[in-house]
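A.B. asks: The primary structure of each chain is shown beneath.
Number of protein chains: 6
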Amino acid sequence: MLSNYKIDPIILNALDEDVSYVDITSDILISEDSKDTAEMMSKADGVVAGLSVAKRVFEIVDPTIEVEILKNDGDHVAYGDVLLRVKGSSRSLLKAERVALNLLQRMSGIATQAYLYANEVKDYKLRVVDTRKTTPGLRILEKYAVLKGGCFNHRFNLSDAVMIKDNHIKAVGSITDAVNKAKAMIPHTTKIEVEVESLLQLEEALKAKADIIMLDNMDNETMAKAVEMNKGQAILEASGNITLERLKAIGAIGIDVVSVGALTHSVKAFDISMNIK
Amino acid sequence: MLSNYKIDPIILNALDEDVSYVDITSDILISEDSKDTAEMMSKADGVVAGLSVAKRVFEIVDPTIEVEILKNDGDHVAYGDVLLRVKGSSRSLLKAERVALNLLQRMSGIATQAYLYANEVKDYKLRVVDTRKTTPGLRILEKYAVLKGGCFNHRFNLSDAVMIKDNHIKAVGSITDAVNKAKAMIPHTTKIEVEVESLLQLEEALKAKADIIMLDNMDNETMAKAVEMNKGQAILEASGNITLERLKAIGAIGIDVVSVGALTHSVKAFDISMNIK
Amino acid sequence: MLSNYKIDPIILNALDEDVSYVDITSDILISEDSKDTAEMMSKADGVVAGLSVAKRVFEIVDPTIEVEILKNDGDHVAYGDVLLRVKGSSRSLLKAERVALNLLQRMSGIATQAYLYANEVKDYKLRVVDTRKTTPGLRILEKYAVLKGGCFNHRFNLSDAVMIKDNHIKAVGSITDAVNKAKAMIPHTTKIEVEVESLLQLEEALKAKADIIMLDNMDNETMAKAVEMNKGQAILEASGNITLERLKAIGAIGIDVVSVGALTHSVKAFDISMNIK
Amino acid sequence: MLSNYKIDPIILNALDEDVSYVDITSDILISEDSKDTAEMMSKADGVVAGLSVAKRVFEIVDPTIEVEILKNDGDHVAYGDVLLRVKGSSRSLLKAERVALNLLQRMSGIATQAYLYANEVKDYKLRVVDTRKTTPGLRILEKYAVLKGGCFNHRFNLSDAVMIKDNHIKAVGSITDAVNKAKAMIPHTTKIEVEVESLLQLEEALKAKADIIMLDNMDNETMAKAVEMNKGQAILEASGNITLERLKAIGAIGIDVVSVGALTHSVKAFDISMNIK
Amino acid sequence: MLSNYKIDPIILNALDEDVSYVDITSDILISEDSKDTAEMMSKADGVVAGLSVAKRVFEIVDPTIEVEILKNDGDHVAYGDVLLRVKGSSRSLLKAERVALNLLQRMSGIATQAYLYANEVKDYKLRVVDTRKTTPGLRILEKYAVLKGGCFNHRFNLSDAVMIKDNHIKAVGSITDAVNKAKAMIPHTTKIEVEVESLLQLEEALKAKADIIMLDNMDNETMAKAVEMNKGQAILEASGNITLERLKAIGAIGIDVVSVGALTHSVKAFDISMNIK
Amino acid sequence: MLSNYKIDPIILNALDEDVSYVDITSDILISEDSKDTAEMMSKADGVVAGLSVAKRVFEIVDPTIEVEILKNDGDHVAYGDVLLRVKGSSRSLLKAERVALNLLQRMSGIATQAYLYANEVKDYKLRVVDTRKTTPGLRILEKYAVLKGGCFNHRFNLSDAVMIKDNHIKAVGSITDAVNKAKAMIPHTTKIEVEVESLLQLEEALKAKADIIMLDNMDNETMAKAVEMNKGQAILEASGNITLERLKAIGAIGIDVVSVGALTHSVKAFDISMNIK
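Those sequence lines, one after another, are chains L, P, Y, E, R and G.
For the first sequence, the numbering used here gives the first residue as -12, with consecutive numbering after it.
For the second sequence, the numbering used here gives the first residue as -12, with consecutive numbering after it.
For the third sequence, the numbering used here gives the first residue as -12, with consecutive numbering after it.
For the fourth sequence, the numbering used here gives the first residue as -12, with consecutive numbering after it.
For the fifth sequence, the numbering used here gives the first residue as -12, with consecutive numbering after it.
For the sixth sequence, the numbering used here gives the first residue as -12, with consecutive numbering after it.
One should not assume that every hint holds.
As the list makes no split between identical chains, a pair holds if one copy fits it or if it spans any two.
In silico SDA-like cross-links for lysine to any residue, where the CA-CA straight-line distance does not exceed 20 Å [to be verified]:
1. 42 / -8
2. 74 / 158
3. 109 / 168
4. 218 / 184
5. 196 / 218
6. 157 / 188
Note that these hints are calculated values from the structure, not bench results.
Construct the entire structure; sequences and hints are all you get.
C.D. replies: In structure tokens form, the structure reads like this:
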């Protein structure tokens, strides 16, 4: 799904950052024609994502490296599973290793975390979605990893869906006016989401025919009333202080979507190591 | 410390990613000449880092925004502290908000985590340092945040210090030969670090006059012997499975440096919000 | 609406293309401290768009140039109207002139053409929208000009709305399956459009609850039946061989949207000249 | 003639603009290993240009796509002619389609229009040439298309030929002084063109030994006198309000060159479609 | 003459290369609010060039630095002359110093060398011109410095003048055919230069009406015959093994132009130092 | 040692600069399918460097060109030696020629000059090292060439070693304080160099345990005393007015390192030509 012309600039940037001049260790100590095979091995249980990105790192560093991908993005992997095998110039393997791992570990960390959330709501229609709280420069990789972990994406950026918040409502005067003004201008292909803080606002947003309504920081009881009022008209999204623990309850209430910034802004790298055979 | 010519490309990249075309909500709903004041407020206790980076985001989005920085990078902040105040075009404030927060929250998350580590070893000469396990594209920001949290930096990249590992030793034949071969070629301004897995290897590395010796995955007892053998000759760095809990013990042993990948690869975003007044 | 960080790369690229080394005429013949005032004057009747882009060209070439914008994007202008006034270094004015005009004339040409289409359907709910048939590299400018001429935008690119065409239907098996498969994966903020070639397909797309249905190359009679079948459920978009002449009839039928590639792919530059006073 | 290192940045820019994240339709609905053959077919009569550029779009999107070019740039093609055949990943074909077509249709539109002009003057020595009124960012492609349509290029940019206009003459004092001052400084490889508005100015420009003299907005009678005065000394270029209709008369008068901005600034895209077989 | 949009990328590239992370000395040892005045002083006699480029380095590093230029590009300067004075943040001055000096010293080195050549031929019409043998990435700066030293520029690159050499003649069949084929295709604004190795070839090139004829590696006697044969028809350029010592003789012969690669490919940096007051 | 991802941007930049549009000579006069073999031949005696860079130029211009490298970087070559052989499209060979030669000649010029210095001190432990006085944008190539000529590298840039100079000492108060302050902050992998102007300062720097001490502009007698005082504690580097002639004497004194800006800032291009067979 991720085109090279989208990910190559990210990889080149990371490689450039990791070498100012030469790899002062390997370029001196390892001969130019030395060859090796190395494997990237999972050192934990989780969901892997970013294997084609890691592959691309090796290809960019050295097109003569052979890369074999042994798992699919989205696969559940266990400690000891080999994820990827590379053969080629020893120097090139060592130059690519850290950048490939940094990307793969971060993406797999996100996928693994997303899986925890997705698994929690698997018995409900409830979707867990990401936010714009992604690492600057890595949004396409992180949103992709969220998908591979079983969660879903929210809008990609400020251009592709309307999100009417408090300040917009104040600027225009009312939810109704804001929705109408937006509808009059935006592409017919674009949805409108309105953030509401009360059931009164919800009522207005429903009348204004918002496509999606975000229930901001509501408790479960209020959300239950919101679901009842909604009668399936708009997509209901819960947001704010959504912890893993609350998810099942929210699912049971009948909410459609919860958005969770922590899917991407607070991630533990998934433990993977590269071993030269 | 961070020059604009180093951080501007990171910011421009992040802004570009966050808008494909226009901000389809604010550009439609908020008038071009509307002005606001907004504040970035800490919603947790911790150490802030990246305020000048956040400031720069606003400046790039709109040079007419006035930005006032109210804390210094490295300051301890508490819930409710105002970190930064911005005045100017409402549209511009909303366009800059997410990118500025994403950078500031990540950097402050790292600084806050680093502070935990640094505080743990404050009674020892022991330094906690970062690694190359940084987010691709953000290394200069993350290493800076590590410093502001009270920890220290390891080498910046593959070009600025020699790190002789297992594969290099195998390629050359011995630690001694590897160190000598490196010394014969590298700049006189460059240090040599050798990773050792046993006290036997430590002995060889000491004889070879390595500047720094990394004790890989050693238990405390072995490290204590290493300190004794070293007699202050080389800088001793412990690495591998270093948890916050082990730090004091390692400090007491007399190790000089521990390197901790988690300082940058597994970070919880520090909670900060922007409120329009 | 157009942020500088989105348009600056376009302008820098154009300026770079227009000078390999120096302006071999003005840099030699005009003294460095010569100053002039110049005006961009409309030489035709139409709708202007791109004034802030033209202004930005002068600012980039020389930040000391004073630029005064005398009309708003979207204004109807007549032969002889002064659109923009610039004062400053004569050399800089001449270096910026051609790039500023090339952008302004193209954008105003699009706005003027869009106005013709928009005006034709002003008595109907019918929207005329653009397509992805924009000039490579200038999409944000061209879609903006379409808006300023009174027409509307379609999706910005391949990422921000689903458009199910013939090949996708074949790949999945049926319109129903394609819509369902898409719904199961895409963000809840994303709409689904289906292109249909017959009323039978329309029926299936309606049942599948597509948000938008594109009626591909249908005659007016068939479109009228489509409107009847639709009963306001989906947004109906007509596409293919839509000429200015057919618009009123299509509007009368009750179609919601027509998409017209010619809005951006076949444009006559709007005649504007810069005169040094 | 067009080197990849010149056109790749244009193509990458266009591709990047057309995808923010993924192709949300094809990446979801079409399987990764689906393969297709597609053909680009002319849907009008005209002159094709840009086939190698279109080919390069497919190569960049996916180096495993096989591209067969079936016509040469500059060929006259008719409705139904197949121009280019591509085989490979269905997803990749669909991702490349629009950008490839946008470039090919624009370039072929220019070539087709240029052919009309070139054909009109085929019995005269008169050359029809383009101007700097090209689409920002696409100058090399547009000037190449002009050539393929049978017209010729004017100077490429501000650096490669001197063009002395009204303001330059005023700045220096006289045509004679301007030409002499330029000659004293410019490379010996660079020609000097002077724009004149009267036969008096023409006389002065001839005495000053300008290489090329542009007759600005002159009627045919005046141009005839200019040809007579010139006696083959300078290249005479007519410019301003040159329509297709006037070309033969201007050719008969004996003018050497006419420059026509409309060759590139007002172009109708040439109709080409891509059909998956 | 050199626009910022042409030189900024060169400067940013150089600055980026000179700092991977921070200035590890000054950022640590010098306080952020320390201010200084510094002067760039000539430590030799020669011709200065690049002062506005050096100024721009300081502006990019820190827009708050005040830069005063005390000499003009092209001025003769002596040991001890102050060329440029900068006031502002001490850290910023030190960060900009090396890049500013590297550019200024190289450009002044070229200007100084060019002056030697120019001075040698000052009594003749003979021009000494540069070649395409410039430092990759710095051509616009180096050709500018050549001008400031009193020499002249040859064509800027492969696009702006025809240079027919041995291989082209072989490919087409004869000088006559090559010139004619070129004339039939190139812009009317472009000159044709032919490289000849004998007087026989010269004769053919003259008949073919080449604008410029390069006499390749001819001795003075042959060149004298060439001048005689030419009778002022073409511009005669001597090239190959042209040393400073031969220039006066070549000037006396009546040659128009000599091209000297050494003007840019073999340059001694002009000695300039920056002193903090 | 030089990764493509580091050198490709340099090469692309140089190629772009050498062609604005097309190669107006070869693209017109030489047929697209003409093929040739060409050789790069040394026209002087010296040390070659940059062969893989030159190879990469051809690969980027045209991946179908076959390039055979016949010497190794660092090899001593004599007049007439063939360094590199290329086969492929005649047009591509001519388009790549100048950029490939400009890079190869500059790098070989540096290697050849470095060899002179290295050879002079071959009987001593004395190392001759480069400085940051490199050509902006080419530092990695020039430092590599220095190595291939037998000299050594100094720090790569401002980030990878501390260099305490006069201004830093003034800012902090004393050498001792400056060294201690730096040590407290810099990575444990970074060395500290102190520039001293007297033996008194040397004494202080030694006590402060600087890793490297630069003896600024000292005469041989003073340097001899410095060596004596040093007793092998710090690395001693001599700098300032170091000529080739002084090297042996300095070597005999026992200095460890001399840094010579002229290794890179004042270089004579090594004479190499490309001949089409």
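A.B. asks: For residue 74 and residue 158, with the copy left unspecified, which applies at a CA distance of at most 20 Å: within, between, both, or neither?
C.D. replies: Intra 59 Å, inter 16 Å, cutoff 20 Å: inter-copy only.
A.B. asks: Is it within, between, both, or neither for residue 157 and residue 188, if the alpha carbons may be no more than 20 Å apart?
C.D. replies: For residue 157 and residue 188, the Cα distance is within 20 Å only inside one copy (13 Å; across copies 44 Å).
A.B. asks: If the cutoff is 20 Å on CA atoms, where do residue 196 and residue 218 land: within, between, both or neither? Let me know, please.
C.D. replies: Both: 13 Å inside a copy, 17 Å across copies.
A.B. asks: Tell me, please, which holds for residue 218 and residue 184 at an alpha-carbon limit of 20 Å: within, between, both or neither?
C.D. replies: Within one copy, since 18 Å is at most 20 Å while 34 Å is not.
A.B. asks: Taking 20 Å as the upper bound on the Cα-Cα distance, should residue 42 and residue -8 be classified as within, between, both, or neither?
C.D. replies: both (14 Å within a copy, 16 Å between copies)
A.B. asks: State whether the alpha carbon distance between residue 109 and residue 168 is at most 20 Å within one copy, between copies, both, or neither.
C.D. replies: between (38 Å within a copy, 18 Å between copies)
Hint check: no violations occur; every hint is consistent with the structure.
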